[in-house]
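Number of protein chains: 2
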Amino acid sequence: MSSPIEEVCAEVLKRVTPTASERKQVLSLAKRLVEKVREEAKERGVETEVRVEGSVAKNTWLRDCPEIDVFMRVPTAMPREAFGTVCLEIAKRATEGYRQIERFAEHPYLEAIVEDVYVNVVPCYRVKRGEWRSATDRTPFHTDYVKPLLDERKSGEVRLLKRFMKGVGVYGAEIKVGGFSGYLCELLVLNYGSFTEVLEAAADWKERTIIDYEGHYERKDDAKKLFEEPFVMVDPVDKRRNVAAAVRKERLDEFIATSRAFLKAPDVKFFYPPQIEALEPAELVNRINARGSAIVFISFEACPAVPDVLWGQLYKSQRALRKLIQKHDFTVLRDTVWSNEKNLNTFIFEVENRFLPNMKRHLGPPLRKKRECENFLRKHVGADSTVSGPRVEEGRWVVDVQRGYTDVVKLLKEKLEDSGESVGLAEFVSKAVADSLEVIVNGEALKLYSAYPDFAKFLTEYLTGKPRWLT
Amino acid sequence: MSSPIEEVCAEVLKRVTPTASERKQVLSLAKRLVEKVREEAKERGVETEVRVEGSVAKNTWLRDCPEIDVFMRVPTAMPREAFGTVCLEIAKRATEGYRQIERFAEHPYLEAIVEDVYVNVVPCYRVKRGEWRSATDRTPFHTDYVKPLLDERKSGEVRLLKRFMKGVGVYGAEIKVGGFSGYLCELLVLNYGSFTEVLEAAADWKERTIIDYEGHYERKDDAKKLFEEPFVMVDPVDKRRNVAAAVRKERLDEFIATSRAFLKAPDVKFFYPPQIEALEPAELVNRINARGSAIVFISFEACPAVPDVLWGQLYKSQRALRKLIQKHDFTVLRDTVWSNEKNLNTFIFEVENRFLPNMKRHLGPPLRKKRECENFLRKHVGADSTVSGPRVEEGRWVVDVQRGYTDVVKLLKEKLEDSGESVGLAEFVSKAVADSLEVIVNGEALKLYSAYPDFAKFLTEYLTGKPRWLT
Chain P
38 MSSPIEEVCA
48 EVLKRVTPTA
58 SERKQVLSLA
68 KRLVEKVREE
78 AKERGVETEV
88 RVEGSVAKNT
98 WLRDCPEIDV
108 FMRVPTAMPR
118 EAFGTVCLEI
128 AKRATEGYRQ
138 IERFAEHPYL
148 EAIVEDVYVN
158 VVPCYRVKRG
168 EWRSATDRTP
178 FHTDYVKPLL
188 DERKSGEVRL
198 LKRFMKGVGV
208 YGAEIKVGGF
218 SGYLCELLVL
228 NYGSFTEVLE
238 AAADWKERTI
248 IDYEGHYERK
258 DDAKKLFEEP
268 FVMVDPVDKR
278 RNVAAAVRKE
288 RLDEFIATSR
298 AFLKAPDVKF
308 FYPPQIEALE
318 PAELVNRINA
328 RGSAIVFISF
338 EACPAVPDVL
348 WGQLYKSQRA
358 LRKLIQKHDF
368 TVLRDTVWSN
378 EKNLNTFIFE
388 VENRFLPNMK
398 RHLGPPLRKK
408 RECENFLRKH
418 VGADSTVSGP
428 RVEEGRWVVD
438 VQRGYTDVVK
448 LLKEKLEDSG
458 ESVGLAEFVS
468 KAVADSLEVI
478 VNGEALKLYS
488 AYPDFAKFLT
498 EYLTGKPRWL
508 T
Chain H
38 MSSPIEEVCA
48 EVLKRVTPTA
58 SERKQVLSLA
68 KRLVEKVREE
78 AKERGVETEV
88 RVEGSVAKNT
98 WLRDCPEIDV
108 FMRVPTAMPR
118 EAFGTVCLEI
128 AKRATEGYRQ
138 IERFAEHPYL
148 EAIVEDVYVN
158 VVPCYRVKRG
168 EWRSATDRTP
178 FHTDYVKPLL
188 DERKSGEVRL
198 LKRFMKGVGV
208 YGAEIKVGGF
218 SGYLCELLVL
228 NYGSFTEVLE
238 AAADWKERTI
248 IDYEGHYERK
258 DDAKKLFEEP
268 FVMVDPVDKR
278 RNVAAAVRKE
288 RLDEFIATSR
298 AFLKAPDVKF
308 FYPPQIEALE
318 PAELVNRINA
328 RGSAIVFISF
338 EACPAVPDVL
348 WGQLYKSQRA
358 LRKLIQKHDF
368 TVLRDTVWSN
378 EKNLNTFIFE
388 VENRFLPNMK
398 RHLGPPLRKK
408 RECENFLRKH
418 VGADSTVSGP
428 RVEEGRWVVD
438 VQRGYTDVVK
448 LLKEKLEDSG
458 ESVGLAEFVS
468 KAVADSLEVI
478 VNGEALKLYS
488 AYPDFAKFLT
498 EYLTGKPRWL
508 T
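If you read the sequences in order, they're chains P and H. According to the numbering used here, the first sequence holds residues 38 to 508 in order. According to the numbering used here, the second sequence holds residues 38 to 508 in order.
No lab work stands behind these hints, which were simulated from the structure alone. Beta carbons: idealized from backbone N, C-alpha and C, even for Gly. Take the hints with a grain of salt, since some may be wrong.
Unchecked claim - To give an idea of the interface, some chain P residues facing chain H are shown, with a C-beta separation under 8 Å as derived from the structure:
hint, residue
1, Asn395
2, Ser425
3, Val438
4, Pro504
With the hints as extra help, turn the sequences into a complete structure.
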């Protein structure tokens with residue numbers, strides 16, 4: 038008799054493990070791509086070592102979404118600019134005839150869709166361990182480190198963990214997610230032994246968990262001092278790097294909460310959450326009105342940036358907007374941001390009330406500060422901005438002054454109309470906002486809701502406001 | 038050439054000092070009353086020492102409002118009940134034919150208006166210093182202490198200080214005011230030397246000023262430990278009593294602020310503030326609407342209690358109502374209470390918004406408290422009260438729940454309809470509220486405003502919200 042967890046894992050494992058023929062197909066495609074890149078490089082006289090890296094090399098890819106990473110390791114003598122010229126040209130020629138997208142993380146690379154499989158052709162420097170020149174130089178070392186440590190069983194455990202993290206929304210080191218990378222999943226399984234053991238450990242993770250699998254540090258405290266992130270996995274191939282540096286506190290917390298929930302009531306739904314059914318428009322309006330709050334949508338059109346840059350700027354701008362709104366005394370209940378990464382971006386700020394009173398209590402100096410009190414009185418007695426007061430309350434002067442903005446919509450429109458750079462919006466966002474800003478409230482969002490199905494799902498999930506597995 | 042302060046003081050002194058003939062008249066009336074009380078006591082066989090106390094005895098009364106205190110010192114053998122029977126009877130007979138009001142502070146006494154002069158006939162025990170039996174036993178000792186120390190100049194300084202305190206609203210030890218008593222004014226002048234010197238000192242009073250004029254305590258710290266009040270004047274005739282015990286922090290602060298303002302720009306208006314002109318009704322409504330807040334009036338009719346008891350209960354009830362309103366998340370900007378001490382009492386609570394959203398953020402336990410998290414989820418997932426969530430935010434579970442009250446008026450009506458004892462209203466207030474509660478908002482107050490001129494002035498001053506001298 039197997040336990041409920043074992044049963045769920047067995048079922049999921051079947052779904053995530055590629056069959057023998059699927060494997061053969063992916064590996065054969067990978068091999069052909071490597072050869073193609075080698076040829077093209079040779080033709081151009083570029084000295085390079087071409088290898089498959091990532092999940093395909095390590096046998097940890099998920100059956101339904103293989104992604105082949107082909108790395109070109111070039112000599113350090115090659116200038117950095119060549120990544121975006123010669124190397125990109127080689128990648129393009131090697132995948133000629135297929136759909137290609139130029140990507141840019143820390144440096145340029147090519148994404149192509151070859152025989153329905155996502156392929157990345159990525160340049161990096163061929164360096165000695167520790168002498169890193171570019172962000173991707175470590176990747177081949179990661180492959181070489183992990184590969185011999187993973188047998189077929191452990192590969193399965195990694196697949197389970199990846200699929201679980203995808204299902205609950207904490208997978209992926211890209212800025213948008215701020216979650217766990219594939220390499221991090223592999224190291225977690227190596228460290229704890231299995232998928233279930235990772236979750237059991239995570240359920241008890243405390244503030245600032247530090248894992249040092251290779252024992253690079255004699256004392257944990259040394260590592261604690263070195264790294265600032267909420268979760269630390271010391272990179273076995275580079276003791277100064279935190280493999281989990283991208284993991285944001287929210288994702289970490291969600292993973293902890295989800296681990297507990299799964300262990301308590303194991304279910305396939307964690308791995309494969311039910312699709313969100315967007316609410317009927319009428320029901321949406323009902324749900325919004327029933328809250329009695331004001332949900333403000335700040336929308337703008339295209340923002341010309343690659344996803345990591347876009348999301349970095351969206352998050353930065355979201356923080357700036359939150360600050361702006363709070364500075365003007367509106368109580369923010371919740372806020373989030375949505376983007377289809379193409380032609381629509383929307384910040385959502387839910388505030389307690391759209392309107393505030395005209396009058397605002399302004400605290401002056403405590404009575405014992407005589408000089409400050411005199412200045413305060415000179416400034417406020419009879420001033421145009423004074424509604425009532427000043428008077429002494431609880432040991433200090435206070436005055437009721439005219440409030441700058443009583444309508445959060447007006448505040449946002451006025452502050453953002455000429456780009457909003459002054460309120461701290463990030464560069465690209467600021468420009469896009471200047472061109473196509475729209476600020477709408479509550480039911481007015483129906484327009485966007487009907488036009489963008491993905492936004493409708495997003496907003497439905499926002500209103501529900503809980504993880505999909507929590508039922 | 039005299040200074041501006043001296044000029045103002047000279048002018049006020051003229052107005053507050055009784056003329057020779059006025060003095061003669063008051064003193065002669067006082068003498069006759071003493072004799073009358075003596076006679077009546079004798080007739081009843083009550084052994085008593087009858088004396089004039091208070092401002093008339095000490096030559097510190099204000100010209101326009103003399104008040105004669107006649108004290109009957111009775112033997113300690115007499116039971117306390119006799120104050121309200123035999124003693125009151127004597128007082129009544131002694132002032133027969135004049136308007137009489139039975140008063141009750143700590144014990145019963147008689148107020149009468151004799152030849153247009155207010156007269157108090159007050160019983161107390163004739164005790165040795167320190168062996169106090171009733172609250173008024175110290176009074177003759179105060180008279181005996183102060184009288185020889187005050188010459189005509191110092192009496193004038195006391196009169197200035199009293200008039201100043203009346204003018205700025207900090208005079209009087211009764212509960213309603215919570216200010217400075219006449220005796221306290223006298224001691225302040227003795228301690229600092231003159232009216233101006235009292236104000237100069239007050240302008241620099243720090244937290245917890247302690248004055249020990251007779252030097253009862255070797256170290257100030259001993260007195261500091263003994264007394265808890267914000268301002269302490271050790272009673273020269275009783276080292277364990279604080280003459281300023283009745284002075285509330287607000288009045289103390291106001292006196293400090295006013296002293297500074299007067300010294301900076303001396304003016305007769307501090308002593309004789311301009312009358313308040315109630316706003317025209319239309320203007321009142323404009324002013325209220327311009328604030329954009331919600332001013333809630335909680336009114337009820339007669340409350341059968343003497344002023345000190347009434348105000349004690351009103352203030353206690355005000356605090357309870359403030360707590361109630363804040364507990365339900367309404368932001369109180371300011372609150373106050375008005376009473377004509379006859380047939381109308383009104384609490385005023387100004388809140389930021391009359392309405393709150395239906396939804397309220399409810400913070401759950403931090404993630405690290407595993408057990409509490411489980412309980413929290415069990416309670417809130419899918420509950421009727423849950424609007425959205427639960428979800429993890431900033432390291433803890435949160436849920437948006439249905440709010441109990443979204444309308445502050447409804448909250449107050451419902452909580453007070455059956456007397457409001459449960460919310461902590463004081464006894465008499467609670468009963469009166471049960472009989473005649475009315476809760477109205479903003480412009481609806483016009484009804485009361487038109488019916489009660491004193492309320493109209495009070496509300497006008499509330500809206501102005503600053504001391505009358507501050508222009």
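(message) Restraint: P/Asn395 near chain H, CB-CB cut 8 Å. Satisfied or not?
(response) Holds: closest Cβ of chain H sits about 4 Å from P/Asn395, inside 8 Å.
(request) Tell me if P/Ser425 is really an interface residue toward chain H, meaning its C-beta lies closer than 8 Å to one of theirs. (result) 3 Å, holds
(request) Let me know if the C-beta of P/Pro504 comes in closer than 8 Å to any C-beta of chain H, holds or violated. (result) Given a least distance of 7 Å, the restraint on P/Pro504 holds.
(request) Tell me if P/Val438 is really an interface residue toward chain H, meaning its C-beta lies closer than 8 Å to one of theirs. (result) 11 Å, violated
Consistency note: the structure conflicts with earlier hint 3 alone.
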